[in-house]
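In the order they appear, the protein sequences are chains L and P.
FYI, in numbering that gives the first Met the number 0 the residues of the first sequence are 0 to 101.
FYI, in numbering that gives the first Met the number 0 the residues of the second sequence are 0 to 101.
Just so you know, the hints here were simulated from the structure itself, not pulled from any lab data.
There could be a bad hint or two in this list.
One copy or two, either will do: identical chains are not told apart, so a pair holds if it fits within one copy or between any two.
Said to hold, decoys possible - Below, a list of computed lysine-lysine pairs in the BS3-like style, where the Cα atoms sit at most 27 Å apart:
(1) 15 <-> 25
(2) 80 <-> 15
(3) 80 <-> 7
(4) 7 <-> 32
What you are looking at is a predicted structure, and each value in this text was computed from that prediction instead of being measured.
2 protein chains.
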Amino acid sequence: MDISDWRKQIDELDRKLVEILNQRAKAAHEIGKLKRTAGMPIYEPDRERAVFQNVRGVNQGPLPDADLQRIFERIMDLMRKIQQEEIAPNAAEGLGSTELES
Amino acid sequence: MDISDWRKQIDELDRKLVEILNQRAKAAHEIGKLKRTAGMPIYEPDRERAVFQNVRGVNQGPLPDADLQRIFERIMDLMRKIQQEEIAPNAAEGLGSTELES
């Protein structure tokens, strides 16, 4: 395989990543709604630790755990933002409040 | 579905993410080897732009393009590191000089 073949493979992998990340965002959004109903906090350190543990547990490399963790840290930052918007849409004093009134 | 069900779904999605990210790392490693042989630079802005374009092109939401781009920026940082190690394992001495010899 030449570089162009490998890049086609990467593009295909990236399309799958986009799809899965969007599915994950939908799930985070649903959890946000349930948390709002239950009055639960967005940030749950135990759950975040469980996510990293799951990731490390299935990692067969070649990416080191620490690299995967850096990627998942960013993913979870964004997912917290999604839940923040779901739970406290007016946290920024009305910023974008209309689209969040569901 | 309750929170625990959604979390099970997230854990399953994360396992898929770990697998795909590792496949991507393997491809980046292979490209690194080919670049070394061809004396090509690691950092190729045109290719990075093409990756983001591919990501935005297939994104159907709910994640906004900007959020996906932030995740892919981190992924690509790590992939560049993998290629750096493949192309110039002793870069600590020559500080990445190989990548400039294009």
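Now for the hints, and whether the structure bears them out:
1. 15 <-> 25: both (15 Å within a copy, 16 Å between copies)
2. 80 <-> 15: both (23 Å within a copy, 22 Å between copies)
3. 80 <-> 7: between (32 Å within a copy, 20 Å between copies)
4. 7 <-> 32: between (38 Å within a copy, 17 Å between copies)
Every hint, counting from the list given before, is met by this structure.
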